[in-house]
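So the protein lines, in turn, are chains V and W. Position one of the first sequence corresponds to residue 120 (the numbering used here), numbered consecutively onward. Position one of the second sequence corresponds to residue 772 (the numbering used here), numbered consecutively onward.
Hints were generated in silico from the structure; no laboratory data involved.
To give an idea of the interface, some chain W residues facing chain V are shown, with a C-beta separation under 7 angstroms as derived from the structure:
(1) S802
(2) S820
(3) V822
(4) G827
(5) L830
(6) V848
(7) E870
(8) V874
(9) N875
(10) Q934
(11) A936
Keep in mind that this is a model prediction, so the values were computed, not measured. No residue lacks a Cβ here, since even glycine has one placed at the ideal position from N, Cα and C.
So you can see what is in the structure, the chains are spelled out below.
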Amino acid sequence: MRYLKTSEAAALLNVSPNTLRAWERRFGFPKPQRSPGKHRLFTHGEVAALRDALQEGLSISSAISRAREGLAADANSLVGALVSYDRERADAAIEAALALRSVERSVEEVLLPTLDEISRRYSVESAAWAFAAHWATDWLRRAIRLTPPPVRPVSIVVGDASRDELDRDAPYIRALELFCVRAGIKVLSLSARGVAGIGDAANVHRPNLVVVAGGHLDDDTVARWAYAIRLAVGAMPLAIYRRGAERPRTRGTGTTVLPSGAGDAQRALLDLLESDHVAATPSASAAAAGARAQIRSVRGFQ
Amino acid sequence: MVNRTAHGRPALRLVVAPELEPAPPSVWFCSHCGARSSTSGKLVKPPVSRVCGACGLGLLIEAAEDVAPRTGDAFLVLDRALSVCAVSHGAEQLLATREPDVVNRHVTDLLMPADAEEEAGENLSVAVAWAARGDSATRTTVVRPANTFGIRLTARIAPCGPQRAALVVLE
Numbered sequence: 120m121r122y123l124k125t126s127e128a129a130a131l132l133n134v135s136p137n138t139l140r141a142w143e144r145r146f147g148f149p150k151p152q153r154s155p156g157k158h159r160l161f162t163h164g165e166v167a168a169l170r171d172a173l174q175e176g177l178s179i180s181s182a183i184s185r186a187r188e189g190l191a192a193d194a195n196s197l198v199g200a201l202v203s204y205d206r207e208r209a210d211a212a213i214e215a216a217l218a219l220r221s222v223e224r225s226v227e228e229v230l231l232p233t234l235d236e237i238s239r240r241y242s243v244e245s246a247a248w249a250f251a252a253h254w255a256t257d258w259l260r261r262a263i264r265l266t267p268p269p270v271r272p273v274s275i276v277v278g279d280a281s282r283d284e285l286d287r288d289a290p291y292i293r294a295l296e297l298f299c300v301r302a303g304i305k306v307l308s309l310s311a312r313g314v315a316g317i318g319d320a321a322n323v324h325r326p327n328l329v330v331v332a333g334g335h336l337d338d339d340t341v342a343r344w345a346y347a348i349r350l351a352v353g354a355m356p357l358a359i360y361r362r363g364a365e366r367p368r369t370r371g372t373g374t375t376v377l378p379s380g381a382g383d384a385q386r387a388l389l390d391l392l393e394s395d396h397v398a399a400t401p402s403a404s405a406a407a408a409g410a411r412a413q414i415r416s417v418r419g420f421q
Numbered sequence: 772m773v774n775r776t777a778h779g780r781p782a783l784r785l786v787v788a789p790e791l792e793p794a795p796p797s798v799w800f801c802s803h804c805g806a807r808s809s810t811s812g813k814l815v816k817p818p819v820s821r822v823c824g825a826c827g828l829g830l831l832i833e834a835a836e837d838v839a840p841r842t843g844d845a846f847l848v849l850d851r852a853l854s855v856c857a858v859s860h861g862a863e864q865l866l867a868t869r870e871p872d873v874v875n876r877h878v879t880d881l882l883m884p885a886d887a888e889e890e891a892g893e894n895l896s897v898a899v900a901w902a903a904r905g906d907s908a909t910r911t912t913v914v915r916p917a918n919t920f921g922i923r924l925t926a927r928i929a930p931c932g933p934q935r936a937a938l939v940v941l942e
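Looking at chain W on its own, in the form it has when it is part of the complex:
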């Protein structure tokens, strides 16, 4: 908003910002074991060390509380290029792989879309790309392990970070 000084020159004036919609509560969880960092539940501060204190094999990542995985859940973290950044211990067992072997590989090396009638917005790659860009909407799609037919898994896809990435929780 442009205001005028006593001399008639234009000047900027501070205005009260409109009420922002409160951000959904978030939690920090381990990218390997899924354990959530201990918090009181009110204000979640960034952890002092990003390395998980429970297992020591994962980094702490932040995501909305309602989509964040629980201990032992199978989930992946993907970047906007659809490359695998993290594979949880549960996903390692579910997909019969090891995180060090698949990190930086394309998601389709691990998961394939398995719903022939899905809408465009629920397409696996589209949903991951949107989430990795920070779109807060949670999407679900149906996938199967890349090397296995006959198994269908529901994937819950939501943003996480830092850095910005997509969290894919397999149910």
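One chain only, chain V, in its complex shape:
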């Protein structure tokens, strides 16, 4: 993936940096990422697609529309590969998407919309969905394994409350884990079904935050799991992801409902983790007092 600074992207498009920033405000395209120093970083593929579209366009809007159509072709080709049960073509399609976008945007703009489209078109009981979900989970797990070790001094535990990898929420949960790992967060992913030995796992990992993700498991099972974690490492913030509540909101108990999009959820988690309240690892003495409140908050959101 090749990135361009604002001045480089502006030079490629033969416009001034101010014009490029004006396009971003008015049209939302090209959409830059931010460097650690908060500078804009444009993907070369987007800028090149726009440059070509500008040659034949009659307005900036129509050129951007054409460039976007070209970029959307990746999602269509991935849908075609997955419903044809063609793993190699699917790998090639996501590679093509990665040539133009970052990993996060490839997942958010190509992989997850593709899965949504397949589940909508064929239902989650279909063979097409089974193949697509398995391929996507495999790809996301591979991407997590290939990510460099975490650099932030923060960690989270993800309690997976989805049914299995065929659950519609499962790819979103894996995507959230991938985004968090890529953001330098240490992530421990556990099934929210099992509480045996959960204290040992939590003590080794020392999480700053717990995420309950997925809506398949019932409230009592999830509450028992959250209680076991809290008993082991003490009170800590709890976030809920894709568990039935669509609107992000925060309760007085400290439970936060994350947005349903994986990227938005990762940003919300980063905000939570970087706040002073979360940065300090909670003491074990607060465990018993906070546990009941946390269980209530988990139940309250179902």
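Based on these hints, arrange chain W on the given structure of chain V.
What follows is chain W alone, placed relative to chain V:
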């Protein structure tokens, strides 16, 4: 014209072309603000960058000087499928819309014919289709905003480009 070589075989021969009618003078203008690119008025060369240097929010389009809009004019650019390709800042204000919201939509989402007695050649869609094909004749028709009754606007329709398209200037 077929000529014969010394060996009697047919061969093509260059002939002087008849005098062509000089093309009307053209100008480059911005698809957003309508500002005309600065030229001396004699020979208009294609601009180095197609992005408007004045506002940065439009592409430079070429049209005949007598039909091209001026800065602040309300105008649209439509393709031969009658889809909206560009909406100027003046047209955005006149029609209460934003270009990114209406681009690629059909022209009737923005404008409707408003003259019940117009001739076939002055019909909005026919005039746009002819202009988008490159017919150099300038046509006028009467239109109204699609969502508003009681307002009549004169639309001046002429070809523009590149790519070939129809310029609809609202007066």
